[in-house]
Amino acid sequence: MNGIQRTANQVIAHFKQGLSAEALSSLSPSDFDRLTVLIKDALSRDREEVADQLEALARKIKADIEEFDLSL
54 MNGIQRTANQ VIAHFKQGLS AEALSSLSPS DFDRLTVLIK DALSRDREEV
104 ADQLEALARK IKADIEEFDL SL
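Throughout, our numbering is defined as the position within the sequence shown, counted from one, plus 53.
Hints listed in this document are in silico derivations from the structure and should not be mistaken for laboratory results. The model shown is predicted, which means the values in this text are computed figures rather than measured ones. Any given hint could be a false lead.
Unchecked claim - Pairs of lysine to aspartate or glutamate residues, derived as EDC-like cross-links and limited to a Cα-Cα distance of at most 20 Å, are as follows:
hint, residue 1, residue 2
1, Lys-69, Asp-86
2, Lys-113, Glu-102
3, Lys-69, Asp-84
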């Protein structure tokens, strides 16, 4: 199980704990499956955005190093 799946499962478990027995019984397993998919999608998009930011930072650092090397 990857980190995104583990986090989604933890969010679902915490969400279920906050529901009343009546609310919990009115939701089906497929409702929770859909919520899990939505959570995983949001986490994936967030991770992708962070990865893009890290790549941009790495390119900037490399450019700074190359500029520094050229000035020597």
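Each hint tested on the structure:
1. Lys-69 to Asp-86: Distance of about 13 Å is within 20 Å: holds.
2. Lys-113 to Glu-102: holds (17 Å)
3. Lys-69 to Asp-84: holds (12 Å)
Checked against the numbered hints above, the structure violates none of them.
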